[in-house]
Amino acid sequence: MNDNRDEKLDNLLRSRHIEPAGADLPQRIMLKARGVPQNTPVPLWQSIRDLFGEFHLPKPEYVLAGVLLLGIGLGFSVAPDTNLPRDDGSAYVQSFLSADEALL
Amino acid sequence: MAADWADKQDDQLLALIQDGDGQAFAVLVERHTERFYRLAFRYLQNKEAAEDVVQDAFVKLWESPALWQPERNSQFTTWFYRIVVNLCLDALKKKKPVPLDDDSLVADDSKPVDEMMMREQQQKMIEKEIAALPMRQRTALNLCFDQGLTNQEAAEVMGINLKALQSLIMRAKTTLKERMRAYL
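Chains as they are written, first to last, in this note's numbering: chain G, 1 to 104; chain Z, 1001 to 1184.
If you're looking for bench data, these hints aren't it; they were derived computationally from the structure.
The structure displayed is predicted, hence computed values, not measured ones.
There may be inaccurate statements among the hints.
Simulated pairs of lysine-lysine, DSSO-like, Cα-Cα distance not exceeding 30 Å [what the hints assert, rightly or not]:
1. Z:K1173 x G:K32
2. G:K8 x Z:K1177
3. Z:K1093 x G:K32
4. G:K8 x Z:K1060
5. G:K8 x Z:K1008
6. G:K32 x Z:K1163
7. Z:K1124 x Z:K1093
8. G:K32 x Z:K1060
9. Z:K1095 x G:K32
10. G:K8 x Z:K1094
11. G:K32 x Z:K1177
12. Z:K1128 x G:K32
13. G:K8 x Z:K1124
14. Z:K1177 x Z:K1093
Here are a few chain Z residues that face chain G, going by a calculated C-beta distance under 8 Å [as the list claims (entries may be wrong)]:
15. W1005
16. K1008
17. R1035
18. Q1055
19. V1059
20. M1170
21. T1175
22. E1178
Computed beta-carbon distance windows for the label pairs [said to hold, decoys possible]:
23. G:G22 x Z:D1007: 37 to 43 Å
24. Z:L1092 x G:L31: 22 to 28 Å
25. Z:K1128 x G:D24: 49 to 55 Å
26. G:G53 x Z:N1086: 37 to 43 Å
27. G:R5 x Z:G1148: 20 to 26 Å
28. Z:L1092 x G:P20: 33 to 39 Å
Every residue gets a Cβ at the ideal spot worked out from N, C-alpha and C, and that includes glycine.
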């Protein structure tokens, strides 16, 4: 009985009604796509060249800009000196205060 | 020449599409429109809406062919089923639900109903009950029963493992058997 119901349900699921698509659907899709330009991925080198092309800079400016970028890059890459003892500031203030008290 | 195009595999066509080949795109569209339309229709139950979804999916592919990455996807159809399902879910979110006419769905055992009427009622009822299932169960049924995918392929489309897919189908069928008792 249960198997019979399973089979009937399977048949029902396989024979569901479908309204057919318009016969010209593939043509409509192609027509629509024809009006849409393709986005092709631009290689990195090409995009850098395009970017530089936008600025129309003469060569010395390229060098200057390059040096500037290099300097900024180096500046960020050198780790700041973080080895200063934390209490230095407070010790300094302390000694200053005690010096002040001594005067009084 | 036409035979040459027909012989080409989907991934070969896609490589050509990535180079801007319109004819390869046309062959791919001709080859697969029907199957993706069927799937979209199952979700949307509306011819125009299903056609729009399939059109959008293919136009997206043409517009950004680099979305297809053969090294990341096993088969074009598996990947594209996912795109169509996602577009259908988006369309369903935007669309207001249209309730089916419940009066025509009540099974009346006391009256002799001719076979055609009974079948029509069965169809309406099964569509209504499938539409009421959780979306993942619905997707599993659509892929396995309507698209004729194997369980493994359907699991791949849904991004789940085989056991999870079998469980979804089993739960869906149990619910449907219960709710369609009068018709089975």
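For this session: Against the structure, test the hints numbered earlier, and report the numbers of the ones violated in rising order.
Result: Numbers 1, 4, 5, 6, 10, 11, 12, 15, 16, 17, 20, 21, 22, 23, 25, 28, in rising order.
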